[in-house]
Each structure stands twice: as C-alpha cells, then as structure tokens.
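Taken in order, these protein sequences are the chains called A and B.
Position 58 of the first sequence, counting from 1, maps to 92 under my numbering, and the rest follow consecutively.
Position 54 of the second sequence, counting from 1, maps to 387 under my numbering, and the rest follow consecutively.
Among the hints, erroneous ones may be present.
Residues from chain A that keep clear of chain B, each with C-beta distances beyond 10 Å, as calculated [unchecked claim]: (1) F50; (2) T67; (3) V85; (4) G89; (5) H90; (6) R91; (7) S95; (8) I123; (9) V137; (10) E153; (11) N160; (12) K166.
Stretches of chain B that chain A covers, calculated by requiring three or more beta carbons in the stretch to come under 8 Å of a beta carbon on chain A [claimed, not checked]: (13) 344-354; (14) 395-407.
Calculated from the structure, these hints are not laboratory results.
Even for Gly, the Cβ is constructed at its ideal location relative to N, Cα and C.
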Amino acid sequence: MLDNSVGTISQCRVGFITHEALWDLCIRYPRITAAFWRETLIDASIFREWVMNVGHREGVSRMAHVLGELMVRLRAVDLVEDHACDLPITQREFADALGFTTVHVNRVLQQMRAEGLIELSGERLNIPDWEKLKEVGEFDPTYLHLESDRAAA
Amino acid sequence: MTLTFHPTRVATGFDEEGMLVFDEEQRLVAVLTHLSDRYDGLSGHWFLEAKFGVLEGLGQPTYRDLDAAQEAIAQRLGRRH
C-alpha cells in the first residue's frame with residue numbers, strides 16, 4: 035500500500051511498472067535487485083540528511099544546504115552550466131519543503147543575494163562562490179553517493 | 334479578551350515596523366511585524382513574527398490588518414479560559 039504521494043513541479047512523463055513485472059525482473063537479474071537495494075539505501079541517506087537539515091539548521095544555512103543538493107543532483111544529469119541552473123520553484127514551494135513560512139523564504143533569499151551567496155535572474159539560479167555556499171550550508175555531498183559527479187548506478 | 338498593542342521596530346534584518354501584543358494582564362504574548370514593500374503579495378500584511386507558549390498551535394500566519402490579527406490571537410487565547 036502506498037503511504038505517500040508524488041508530485042512534480044514541471045511537466046513530466048511518468049512510466050508505471052507493475053509489482054509482478056518488477057518481482058520477475060529482480061528474481062532473474064540479481065544486479066538489478068542490487069541496484070534497487072542501493073537506491074533504497076541512498077534514499078534513506080538523503081532522508082537522514084533532510085531530517086538534520088530541517089530540524090537543526092536555521093534560515094540561510096538550511097536554504098544553502100538545499101540549493102547545494104539541488105546543484106549537485108542537477109549536475110549529475112547534466113542540467114548545470116558552470117554553477118547555474120534553472121530554478122522553477124516558487125517561494126511557497128520552498129516554504130513547504132523547508133518548513134519555513136513564505137515570509138522567511140523571502141527574507142532568506144534576499145539575505146543570500148545581499149551576501150553574494152546566490153544570484154537570481156527570473157527562473158535562473160547562479161552560485162557565484164560554490165565553496166562559500168557549501169560552507170554556509172554545511173554541505174558535504176557524500177550522502178548523495180554520487181561518484182565523480184555521475185549518477186549512481 | 335482585549336489585547337493591547339505597543340509599536341516597536343523589529344530587527345528582522347530589514348528594519349521593519351511591528352507591534353508587541355499584550356494580553357489583559359499585560360503579559361507579552363506575540364510580536365507582529367508589518368511587512369514592508371519587499372514581500373510581493375504579502376506587503377502591508379501583519380506577520381506573526383514570534384509567539385509564546387499560550388499561542389502554540391496558531392502557526393505563523395500573516396493577517397491582512399491588525400483587526401484580523403487581534404481577532405485570531407484573542408480567539409486562540411479565549412480557548413484557554
């Protein structure tokens with residue numbers, strides 16, 4: 035039974051695979067089983083990091099951590115140029131994800147702009163000083179288990 | 334429940350105007366910030382910047398004016414009596 039829902043913030047194509055077909059695949063191809071297992075371990079690692087982030091880090095640090103994660107994950111699928119990417123996420127959506135009010139999101143983003151941590155132009159995000167952002171967000175990408183900036187197998 | 338408001342400035346990082354909110358026994362129950370023109374659709378509204386234990390459960394809403402803030406805070410306090 036599914037205990038959660040999944041939403042997208044942009045247009046997506048979604049494929050559905052039945053449980054029977056997945057079971058069959060896993061029984062016949064142990065390497066695929068291992069890949070799924072690894073995927074669940076990485077999921078758990080990401081959730082641990084998010085509990086830490088949302089529960090312990092404040093304002094700018096919490097946002098910096100999430101933007102760091104976004105940048106690294108988008109880079110893994112080749113959607114980052116230098117340190118710039120699209121950011122089609124509204125302040126309301128950030129508030130929902132981070133446990134902030136939209137007022138806080140607004141202030142945090144303004145403060146980050148003023149401190150030179152981010153540059154926002156329309157829906158384009160640029161990180162002018164990647165090392166500084168990582169430091170402010172206490173961001174260490176190890177928990178994402180992406181090796182050499184490539185997506186996990 | 335009649336609340337009293339005392340104007341103050343709030344050091345949100347943007348130097349905004351605000352109100353200290355006291356209950357009938359002159360206990361500080363909340364701090365409201367009058368959102369400046371930096372907040373797009375929320376500018377001019379009153380944000381529940383800080384609240385104390387008796388207002389737990391109220392969340393951190395914004396109110397369109399002080400009357401609305403007064404009503405919501407008084408109602409929440411009234412539930413405790």
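Hint numbers the structure violates, sorted upward?
-> Of the numbered hints, 9, 14 do not hold.
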